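Each protein sequence line maps, in turn, to chains F and C. Take the first sequence: its letter number 45 is residue 44 in numbering that gives the first Met the number 0, and every next letter is one higher. Take the second sequence: its letter number 180 is residue 179 in numbering that gives the first Met the number 0, and every next letter is one higher.
Everything hinted at is true.
Once the Cα atoms are required to be at most 20 angstroms apart in a straight line, the calculated SDA-like pairs of lysine to any residue come out as:
{"#": "1", "chain 1": "C", "residue 1": "K3", "chain 2": "F", "residue 2": "H62"}
{"#": "2", "chain 1": "C", "residue 1": "K3", "chain 2": "F", "residue 2": "H60"}
{"#": "3", "chain 1": "C", "residue 1": "K218", "chain 2": "C", "residue 2": "G206"}
{"#": "4", "chain 1": "C", "residue 1": "K3", "chain 2": "F", "residue 2": "I12"}
{"#": "5", "chain 1": "C", "residue 1": "K152", "chain 2": "F", "residue 2": "G87"}
{"#": "6", "chain 1": "C", "residue 1": "K3", "chain 2": "F", "residue 2": "R24"}
{"#": "7", "chain 1": "C", "residue 1": "K3", "chain 2": "F", "residue 2": "A108"}
{"#": "8", "chain 1": "C", "residue 1": "K3", "chain 2": "F", "residue 2": "H21"}
{"#": "9", "chain 1": "C", "residue 1": "K3", "chain 2": "F", "residue 2": "T26"}
{"#": "10", "chain 1": "C", "residue 1": "K3", "chain 2": "F", "residue 2": "A23"}
{"#": "11", "chain 1": "C", "residue 1": "K152", "chain 2": "F", "residue 2": "N95"}
{"#": "12", "chain 1": "C", "residue 1": "K152", "chain 2": "F", "residue 2": "G33"}
{"#": "13", "chain 1": "C", "residue 1": "K152", "chain 2": "F", "residue 2": "E102"}
{"#": "14", "chain 1": "C", "residue 1": "K152", "chain 2": "F", "residue 2": "G101"}
{"#": "15", "chain 1": "C", "residue 1": "K152", "chain 2": "C", "residue 2": "R186"}
{"#": "16", "chain 1": "C", "residue 1": "K3", "chain 2": "F", "residue 2": "Q19"}
{"#": "17", "chain 1": "C", "residue 1": "K218", "chain 2": "C", "residue 2": "F26"}
{"#": "18", "chain 1": "C", "residue 1": "K3", "chain 2": "F", "residue 2": "Q110"}
Among chain C residues calculated to face chain F with C-beta under 8 angstroms, some are:
{"#": "19", "residue": "S1"}
{"#": "20", "residue": "S6"}
{"#": "21", "residue": "V7"}
{"#": "22", "residue": "L8"}
{"#": "23", "residue": "E9"}
{"#": "24", "residue": "N10"}
{"#": "25", "residue": "I11"}
{"#": "26", "residue": "C94"}
{"#": "27", "residue": "H95"}
{"#": "28", "residue": "C126"}
{"#": "29", "residue": "P154"}
{"#": "30", "residue": "T155"}
{"#": "31", "residue": "R186"}
{"#": "32", "residue": "L187"}
Hint data in this document are derived by calculation from the structure and do not stem from the laboratory. Since we're looking at a predicted model, the values are computed, not measured. Virtual Cβ for every residue (Gly too), placed ideally from N, Cα, C.
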Amino acid sequence: MHELSVTQHILEIVVRHAQQAHAARITDIHLVIGQLSSFIDESIQFYWDTLSSGTLAEGAHLHFERVPAQVDCNECGQRSTLAESAQGCLACGSLNVRVVAGEEFYVRAIQVQAADEREQEAEA
Amino acid sequence: MSVKVISVLENILQANDQVAAANRARFAAAGVYALNIMSSPGAGKTSLIEQTLRALAPQVRIGMINGDTTAASMDAERGARAGAASVHINTGGNCHLEAHMVRQALDALDLSALDLVIVENVGNLVCPAGWDLGVHARVVVASVTEGDDKPYKYPTMYRGAEVLLLNKIDLLPYLDFNTDYFLQGVRLLNPAVQVFPISCRSGEGIGAWAEWLRARALKHG
Chain F
0 MHELSVTQHI LEIVVRHAQQ AHAARITDIH LVIGQLSSFI DESIQFYWDT
50 LSSGTLAEGA HLHFERVPAQ VDCNECGQRS TLAESAQGCL ACGSLNVRVV
100 AGEEFYVRAI QVQAADEREQ EAEA
Chain C
0 MSVKVISVLE NILQANDQVA AANRARFAAA GVYALNIMSS PGAGKTSLIE
50 QTLRALAPQV RIGMINGDTT AASMDAERGA RAGAASVHIN TGGNCHLEAH
100 MVRQALDALD LSALDLVIVE NVGNLVCPAG WDLGVHARVV VASVTEGDDK
150 PYKYPTMYRG AEVLLLNKID LLPYLDFNTD YFLQGVRLLN PAVQVFPISC
200 RSGEGIGAWA EWLRARALKH G
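This is chain C alone, in the form it adopts within the complex (with noise of 0.2 angstroms):
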């Protein structure tokens, strides 16, 4: 038996990149704008996909992909009432959603008839965020009752985001949220990262999350 030592450089996550390559194209050739929602369970991923599809429907032609661990679907459920053309996606108890799971559900969707499509990430800070789906934004979803020590914690997560979306900042009378604290780790992992207060509760701070959102989804279609 002879010994080899063979050089591999081969990227591990090479499989998915090149899956989630194949959805930005498919994306790009219907002119529909992807954004992959993430945040750890309860944030309010699905309260704001519900606010958003509010301000942007019927004139911007949103699909939603929802990804849980098990086959409960009442997210979904709740984007279809609010009038999106929604897929769910159990990932069998998988941690976070992949490039693949992306491409099953973009086959049951009809990106022809759309302007927008909303990958709802399964709810967790961390896994979620090594995986490219093909989207155009990375949309972070925190909430100011989850503590203002968040980005320190979960680096991965905030630096690779596009946009913050700071939920349910109706309640920070009520909490020892530190938003400068909170801000500053954010910055110091992501200076260029676009930061929303909102409340989809009270629906404040919505309106410039969906004209910000409006302009990209409609030059894309």
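So here's chain F without its partners, still in its complex pose (with noise of 0.2 angstroms):
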């Protein structure tokens, strides 16, 4: 369900980037979001389909990129990457480790069409 709350986040980063940049539409959008964060790909799609609607990201693909959880150990320095959330150190097996990646959840680039320079005269 916070899925909702979070494609409207999405949307309105998006959409402000590509006024920005003047861009006619958004085609693609790369989300980058970290194994131990709680967001769900097709929950977000989801929400996507209905609230991108008459948007300039109006059909926009959206493109998961999932980022694995890694750990450092405060005890014998090793990193680790975890197969799941809920593990040690996979060099010692201590349980004295901290998060070093997998948390990331953030818009990284978008796609955009821009408006074509010859249109954009005859608009003028």
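Two chains, two frames, a set of hints: combine them into the complex.
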């Protein structure tokens, strides 16, 4: 359910950036989501289809880039990439670790179609 | 038509984070300490707040912001009966509180007359963990009746907490709850978290939690 409000935030962000670039349409949106953040791709996609309707971003394709969770061990210093979220250091087994990756949640980039220059001249 | 890639690199929760920072500044300016209490439904958030009020009021002046998914305001009324200045937020079905909802609730509280604000989030172990509200400490209430595997299943909630209250410990003799297994999961996710085993029913452990909170609330006030 909380994907509704985050999808609204995504829409605000991408439309603002597209308007700043005077783009005609947004075709692709690249989202980066860490493995440890609790956002579901399908759920964002579901709300996206409804919310983006009638905006510059209508029909834009959402790309989800998942970042694996990584922890650094405070005991032995090794970095581990976690298969599941609740694990300790894979080298020494210590539970004393800190998360260094996997909590990301941001819009990396958008791809837009710029308004054709000749069209702009014709409009002007 | 020419195609262009625009680098955005913008945190999706940035709008919320900005409002949370403004809430934080408001608490700081008023010298108020603030908590965000989160748990699954039925873990005992409201009972905890009643016990906390009983232990700290009126020496500590307490305001309460209570989030629910409907207009059912019995939790806020329980807080008000126990002596807190109380504001109810109806999230309209939303599964968590966001910083702007707390901002609105703060308008209805006289912060200059308070030492402590307790925000009671919507009962939910997933969504509330993702939204910064601008408080000083995030408090997770776990109850032994939920089972000892919850840290492993809801890591984001447990990772983000400053305080963990393990409630309903008076029921431990009747349950197969493995406290060591539970705490191992908690430590794995969050080595620094402060843990208080409590029972809101018997009052056991409430004193230690209340002292921890009293020291912070009066230091800020």
